[in-house]
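Chemist: Each chain is listed here by its residues.
Protein chains: 2
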Amino acid sequence: MIDFTIQNQKLDQVPVLLKRYGIELWLTLGAETSMKPEPVLDFILGLEMTWLSAFILTARNERIAIVGRFDAENVRRMGDYNEIIPYDQDFFPLLLQVLERLDPASIALNYSEHDVSADGLSHGTWLKLKKGLAGTSYAERLLSSEDVVRTLRGQKTPAEVERIRTAAHTTEEIVAEIGRGIMLGMTEEGLYAMVQGLMSKRGVTPSWDPCPNISVGAASVAGHTLSDARFKVETSMLVHMDLGVRQNEYVSDMQRVWYVLRPGESKLPEEVKKAFEDVRGAILAAADVLKPGVEGWKLDQAARDTIVTAGYAEFQHAAGHSLGRAVHDGGNLLGPRWARYGQSPYHQVEAGNVFTLELGVPVPGFGFVGLEEDVLVREDGLEWLSYPQEQIFLIKG
Amino acid sequence: MIDFTIQNQKLDQVPVLLKRYGIELWLTLGAETSMKPEPVLDFILGLEMTWLSAFILTARNERIAIVGRFDAENVRRMGDYNEIIPYDQDFFPLLLQVLERLDPASIALNYSEHDVSADGLSHGTWLKLKKGLAGTSYAERLLSSEDVVRTLRGQKTPAEVERIRTAAHTTEEIVAEIGRGIMLGMTEEGLYAMVQGLMSKRGVTPSWDPCPNISVGAASVAGHTLSDARFKVETSMLVHMDLGVRQNEYVSDMQRVWYVLRPGESKLPEEVKKAFEDVRGAILAAADVLKPGVEGWKLDQAARDTIVTAGYAEFQHAAGHSLGRAVHDGGNLLGPRWARYGQSPYHQVEAGNVFTLELGVPVPGFGFVGLEEDVLVREDGLEWLSYPQEQIFLIKG
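Quick mapping for you: the protein sequence lines, in order, are chains A and B. No gaps in the numbering here: position 265 of the first sequence is 265 in our numbering, and each next residue is one more. No gaps in the numbering here: position 192 of the second sequence is 192 in our numbering, and each next residue is one more.
Check each hint, because a few of them may be wrong.
Same chains, same names: a pair is fine if it fits in one copy or spans any two.
What the hints assert, rightly or not - Here are the simulated lysine to aspartate or glutamate pairs, DMTMM-like style, with alpha carbons at most 25 Å apart:
#, residue 1, residue 2
1, K298, D90
2, K273, D3
3, K232, D3
4, K298, D88
The set of hints was computed from the structure by calculation and includes no laboratory data.
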């Protein structure tokens, strides 16, 4: 009934990654996860838990769950844990028994100052754990699981790639329908409602909220912005959208741009055409550099140099981010080496990673030209999961 | 476009609660909240944030937001924050400036060992905050916001109550359709799919996942369990469901029970009838005690005494929990004074609280009889938000 294909595949990756980082035991804790999700549980469980629960995975591929009695039956049926310990009252004595039995030299926990996706442990749960382990030596064996989480999320399995590809294709169908639906006089709010309807018709939801982010004309602010009824589609204007869909739990994230022709106008104004080609050129420059082993910042640098050389200001964000179950899927960033991004641009790209490539420039008097594509890193180079936009879509005004 | 009615009403409650608990400043931190929600932000913001963000609320009703540049426009349009500080690079210097200006004697943060809904601060963010405040005296003024969060979530505003009432009514419509849809030979899986369809038809989603929890006959396990294809509807059997819907972001949570008559049978077997009346009696006993000022455990005690006196084993859970935006809405619990529940059964019930009242008993040879109702606490007593089930629904076998 529930499909655990993803969790089966991800759990098989875990022992390899634990060995790679020299971690003997990885402990994920969560409670009331429908209200407060622990992002790691999507990969190693695929179920919601009510009471405080522990999922223990080891480098020797032991898989142990300590869960409230009412949650135990679901974990049993899920089938991936070979030891399930249900409890009614006291959680920590059971956890201690397991730790004593396995006696791991290192215990990795999901906290991180650098990566939100590896920071699912709440501070209150940390305090409870410290009390639960008080007087034992386990309290000194705790460390961050951020390397494991980054690479586990990053190395997409075949089933994960297929889901992202499907989400990207659905987005392209929607983009084609948007092109037929853009009419003079429509407001950003009207466009937003139209896109929501196109998603809903296909049974998919927006990748984030509020999505799409729409910018109509030069006065509108491009960014993660609520749509605005003040900005209306007129001729000689760019319409820009940042949009994506969540389909079967995985997401796409793309930017597309349209131009509304004046009556009698048949081709793009020069400055709009140049902006599009420069943005596209910068994205292709980053794509050229993308292969296993390269550090993320080098892709950003390639895109950034191209656009600056073409005469534009630097963009104030990363040229790409991981994409998967989340829009910002944690871990590796294709970003500049700025303090804000910490270590995230320094990790090496690996085969199986999926990234966005994205940037844009304002065109004074017309609006915003921004592009964003979704790409898979393969051993032999890059595969486009979205069909890159090759020219601005023209709307008859 | 986005409706901020709930956030407007909740933010007006905040200064009163901060004064009540002697807290000068309440600091909520969150990042990538679509992946890792901070439950408090649903009440004080109603938007998703990408970069690390701070929402600062004070007893003097100052409302200050420090957010990434691309998130700032949305917070501006939301309209409830009178100072919005956008940033590109460094977050903590800006936070420090605000703290120095306001110089609060106490700074409440969302961590709690007792209440998941008040524990949205991740441990990694805590570590970053400690570094950001290092060398200042603010690091010693930190405390838990759990009292504020509990009462803020607990004191439902009129708009919140209306949404829960609507979700309960929708659930009752679905329950009526389920009664017409239960057929001999249907499996739990088939029933699950049917209920999912009935929710989807109305544009609502299940309150939790997997929901509904279905128990068909005596061999099936009642609890938070995946449906099972092995258990089929037969005559002389109880069908039990725990179900609820999320509608306009608020949820219902109810249990209902059906009995499948044998050919020629026109009324319930005695032991099934007795079980239903005893369960219903225990819920009414708890309802009798529910009024502002009473501690939660006293309701549990009333229900528990009633069912034990009637000759059943004690149920291994609380007789009720808070209900609202989440199914287990944190804070007050109508539970026994067991170690597992910590302080949560000792809080006083307040007007505006919404609870479930729930329990059930197995009937050997037939299945499970469980009931769950949703109730609002008013100054003058109790209001049923669900229509309490008065007799077992009969299905013609």
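Chemist: Compare the structure with each hint and give your call.
Modeler: Hints, verified against the model:
1. K298 - D90: between (50 Å within a copy, 23 Å between copies)
2. K273 - D3: Classified as neither: same-chain Cα gap 46 Å, cross-chain 39 Å, threshold 25 Å.
3. K232 - D3: Between copies, since 22 Å is at most 25 Å while 44 Å is not.
4. K298 - D88: Between. Shortest inter-copy distance 21 Å satisfies the 25 Å Cα cut-off; intra-copy 52 Å does not.
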